[in-house]
Amino acid sequence: MTTTQPEYKWVGTRPVRHDGLDKVTGRARYGADLALPGMLVGVVVRSPHPHANIVSIDTSRAELIDGVKAIVVGADFPVIGHDDSADAGEGVVDYRDLSRNVIARDKVLYEGHPVAAIAATSSTAARMAAEAIEIQYETLPYVLTVDEAMAENAPILHDDLITKGVSTSMGETNIASRELHEGGDLDAGFAQADVVVEREFTTKAVHQGYIEPHAVVADTGEDGRSVVWCSSQGHFLVRTQTAKVLGWEPSQIKVIPAEIGGGFGGKTTIYLEPLAVMLSAKAGRPVKLVMSRDEVFRASGPTSATRIRVKIGADKDGKITAAQAWLAYTAGAFKGSPVGPGCDCILTPYVIENFLIEGYDVVTNTAKVTAYRAPGAPMAAFASETVLDEIADELGIDPIDLRLRNAVKEGARAVYGPKFRRVGFIETLEAIKDHPHYKTPLGPNQGRGIASGFWFNGGLESSATVNINEDGTAVVVTGSPDIGGSRAAMAQMAAEELGIDVYRIRPVVADTESVGFTDVTGGSRVTFATGMAVVEACRKVVGLLSERAAKVWGVDQSEVEWVDGQAQHVLGAHSPLTIEEIADGAADTGGPVTASAAVNARGVGMAFSTQLCDVEVDTETGAVKILRYTTAQDAGRAIHPSYVEGQMQGGVAQGIGWALNEEYIYNNDGVMENPGFLDYRIPVASDLPMIDTVIVEVPNPNHPYGVRGVGEVGIVPPMAAVANAISDATGKRITDLPMSPTRIVKALMDNED
Amino acid sequence: MKYAAPVTVEEAQHLLASDEEAQVFAGATDLIPQIRAGRKQPPLTVDLKRIPRLVNMRVEGNTWVIGAAVSAAQLSSNPDLAVDFPGMTEAAALIGSDQIQSRATLGGNLCNASPAADTVPAMIVNGAVGVIATSEGTRMVPVSDIAIGPGSTCLAPGEFLLELLVERPPLRTADAYLRFIPRTEMDIAVVGAAARVTLAEDGVVESSRIAIGAVAPTVLRVDEAEAALAGRVIDDDLLDEIATAASERGSPITDKRGTADFRRHVVGVLTKRVVAAAAQRAGGSQ
Ligand SMILES: Cc1cc2nc3c(=O)[nH]c(=O)nc-3n(C[C@H](O)[C@H](O)[C@H](O)COP(=O)(O)OP(=O)(O)OC[C@H]3O[C@@H](n4cnc5c(N)ncnc54)[C@H](O)[C@@H]3O)c2cc1C
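Protein chains in written order, with our numbering: chain A, 1 to 753; chain B, 1 to 286.
Take these hints with a grain of salt, some might be off.
Stated by the list, open to error - Computed Cβ-Cβ distance ranges for the label pairs, DEER-style:
| id | chain 1 | residue 1 | chain 2 | residue 2 | range |
| --- | --- | --- | --- | --- | --- |
| 1 | A | K439 | B | D98 | 36 to 42 Å |
| 2 | B | S97 | A | D669 | 47 to 53 Å |
| 3 | B | R50 | A | P641 | 30 to 36 Å |
| 4 | B | D98 | A | E249 | 50 to 56 Å |
Everything labelled a hint here was simulated from the structure, so no lab data went into it.
Virtual Cβ for every residue (Gly too), placed ideally from N, Cα, C.
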């Protein structure tokens with residue numbers, strides 16, 4: 001797939017991951033695995049109502065229960081203002097909202113909203129105490145969807161909310177902000193169109209579905225400092241946010257990262273940590289809190305439910321003349337849905353001169369949404385890529401050709417502003433067009449769909465330290481939790497730089513006091529940004545090693561070259577010195593060899609994916625079988641192709657679940673009905689075919705090895721690819737997710753009328 | 001919560017007599033999730049899997065005697081049972097996953113009394129009878145009469161199911177079971193349908209039994225479809241006729257697993273498919 005590639009020894013190979021053995025044998029320690037002497041266990045008391053005022057909380061009976069050591073409620077936490085907000089890496093965090101999401105003060109805003117937390121010597125005692133806490137609620141009418149929340153006279157969640165970008169009058173709206181992208185002349189553009197398609201779509205809230213529930217142990221000392229163990233996508237973020245909610249300085253908290261059993265964006269915020277720290281401070285003992293799966297569903301994640309309208313016009317050659325989109329996303333209980341990135345991504349793969357994109361961030365009485373793999377983009381692409389498919393149909397143009405005709409390339413301006421540098425969108429389209437899959441014949445009730453997607457990828461701050469051990473091996477220390485095989489990628493880049501075997505490198509993820517500040521593992525940024533810090537630190541180390549050799553030889557450092565893990569004299573005047581020899585003699589040449597580097601990474605390489613899906617529809621039962629799936633994605637450069645493929649496949653698997661079966665179902669009391677994996681249906685292995693991958697490599701010129709992020713864009717196209725395939729098989733366009741059997745049967749029966 | 005593992009029927013009865021709220025279990029694949037969810041808190045749980053009679057299966061004369069605590073894995077790997085009852089075997093092999101099947105039992109599936117239990121329609125079309133241990137000895141109840149509503153059975157406190165009796169099928173007879181789930185496994189039937197068809201030598205249907213699950217509080221027989229099949233050769237029109245009969249038979253509800261309309265429609269689809277499958281097997285092409 002590539003133009004000329006430099007020769008690498010480790011980059012592009014598939015070594016066994018350094019953390020692999022521990023993970024398959026069960027020795028790796030995850031969030032809930034830690035136990036400390038004297039440790040208490042905790043329970044969180046949660047609201048049974050989607051919307052209610054808290055009239056009173058009486059903990060006196062609960063405190064008397066044997067074994068109960070501490071109880072905290074909202075009033076135990078400091079009052080924090082909206083002004084106290086900061087960019088925490090994954091967008092702006094409003095610490096007032098965050099603190100009230102961690103524990104409610106005077107109002108509960110969703111079913112599952114924490115109201116109190118208890119630490120006790122046993123979980124039985126904690127549960128008994130939970131039942132003994134007397135909470136009086138005054139229930140309020142509630143809103144679950146954007147339609148309900150945006151309706152006239154809708155119940156209002158926050159009496160201080162304004163619609164940012166539109167109005168300043170408080171307490172009259174559930175719309176937190178309006179996004180707008182405008183360009184060209186919309187009417188003129190639609191006037192030039194030979195075909196115009198306009199459709200409306202809805203999608204349901206879906207959960208990231210990580211296997212490991214949130215878990216934390218906090219041990220708060222008498223010195224007012226706390227040590228926190230938890231699995232997260234960023235322990236520095238946990239430190240900052242926990243400190244903010246407690247009114248502490250971040251340096252009062254040390255966060256030790258556990259292995260993480262999946263996050264997909266859902267672990268880029270905090271839930272339990274401040275509760276555990278506060279309970280531990282009150283009890284004077286370590287406290288452990290672990291969510292049940294039920295709590296994970298009700299009170300963490302999910303991503304937004306949406307309503308989206310898309311109108312696209314094209315001339316008879318398939319050139320898009322104008323496009324309009326209207327997007328409304330649920331934010332959950334507090335502002336901050338990913339409607340912004342939804343608006344930024346919806347039409348971005350295409351050159352469009354005349355456009356209007358309008359988005360609304362809407363608060364609802366549901367759990368506050370959290371980042372989920374390319375937050376906001378998949379639902380947007382479901383809408384726009386379905387409409388494009390219909391345009392291709394109407395014009396009789398091959399859907400890949402239609403996309404090729406409009407695809408962005410270097411120099412094009414994205415609808416949300418920036419100009420593209422070198423990107424590989426066209427290459428992904430061509431990869432699918434040339435793939436044998438695209439030409440295989442289909443049988444009865446079978447259909448084929450394609451769709452594409454865009455994601456920005458992130459840069460942000462990362463630190464790394466490289467230490468050379470006395471035996472000539474190296475430790476690569478970063479602050480990036482490894483959720484997708486990033487340890488291996490760090491070790492491979494370090495191996496390439498240092499010229500030593502990848503297994504002579506130990507990549508470790510260090511706590512907040514053992515490595516420099518590092519932003520979250522999110523935004524597909526780690527191999528790119530943390531990788532840059534690692535490469536920079538390695539280059540410093542190579543400089544030091546060369547300097548040591550020069551010292552031993554008594555020559556100028558300019559006469560030393562670093563080749564294959566050893567110092568060589570440019571003229572061959574001295575026999576080479578290996579890294580082992582230099583490390584062994586380091587005491588005599590200046591002491592330990594170590595270097596650190598830190599970056600705020602710029603020059604992110606944007607990501608595109610194009611996917612091809614074959615389905616077979618049982619027209620009597622509405623069951624959809626995914627027969628074959630091929631995904632092509634621009635990775636820039638695949639440092640470890642297996643983990644790139646894993647990310648591509650993982651995104652598709654989650655996208656297929658989102659397309660076919662996953663959804664939050666609420667009953668008439670606003671209570672979630674399916675908070676478990678039995679009825680919240682993520683795909684099981686037998687639901688999916690082998691997902692074929694084509695790694696496209698259009699290197700990012702701004703990364704030493706050409707890396708773009710690969711973790712997220714793979715989830716952007718699947719819902720549209722599946723919908724387009726279903727339409728090809730049945731002649732029915734399904735515009736509401738999930739495309740469950742019930743919905744498909746209904747659509748097919750409506751056809752018969 | 002106490003746990004006891006008696007090794008004789010009498011010992012089990014004695015334990016059950018000691019506490020009105022004691023609960024028996026076999027694989028506990030229903031019971032443990034119910035306890036975890038806080039729906040049940042039995043003070044005493046009595047494990048039936050150590051009692052030899054309950055974990056044994058054999059043919060006596062012309063009758064299969066299947067211990068109530070025989071695991072689904074044991075059932076579905078018995079080649080003789082699969083020859084006699086391919087449908088009942090495939091129903092047992094649909095439960096959950098390999099892990100679940102190594103624990104789950106017919107007795108548990110039946111006595112949990114879920115309208116969606118997979119093996120119950122298949123047992124009913126084969127005329128299975130339950131042998132229940134009572135304080136006086138045993139009593140026999142047809143499987144179709146054991147579950148009387150979601151979560152409740154005709155068993156009195158202290159009683160439990162010992163074994164299931166199923167007559168070996170006559171000539172030119174076969175059963176089949178189909179269920180609909182949105183995924184391919186690890187799911188609860190949105191609807192299920194079982195059929196047993198006996199063909200006459202000339203290929204017409206001599207007799208049939210059809211049972212449908214998850215469309216009413218208990219599994220239902222579809223008498224109208226059975227009557228329609230009698231004496232006729234199966235063709236598309238006849239299949240459509242029995243599909244309609246099955247759709248009209250149930251009184252399904254709308255819940256998180258599917259709408260009433262969907263269930264009504266799909267139970268018809270499954271019924272015609274399952275009858276066709278059973279007839280094909282009965283005709284000799286398995
Ligand atoms: C992940 C998972 C997937 C599942 N998938 C399916 C599926 O696909 N299809 C399906 O039908 N079910 C499914 N189930 C439910 C369950 O596995 C079955 O109902 C199983 O057959 C129950 O058998 P058991 O022996 O484990 O029952 P237990 O849990 O041991 O008992 C269930 C109930 O029956 C009673 N009971 C058990 N044995 C007797 C007896 N001998 N006499 C009187 N009462 C008795 C118990 O008191 C209890 O109330 C699933 C469960 C899980 C956890």
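These are the hints, each one checked on the structure:
{"no.": "1", "hint": "A:K439 with B:D98: 36 to 42 Å", "in the structure": "38 Å, holds"}
{"no.": "2", "hint": "B:S97 with A:D669: 47 to 53 Å", "in the structure": "33 Å, violated"}
{"no.": "3", "hint": "B:R50 with A:P641: 30 to 36 Å", "in the structure": "52 Å, violated"}
{"no.": "4", "hint": "B:D98 with A:E249: 50 to 56 Å", "in the structure": "52 Å, holds"}
Violation of the numbered hints given earlier is confined to hints 2, 3; the remaining hints are satisfied by the structure.
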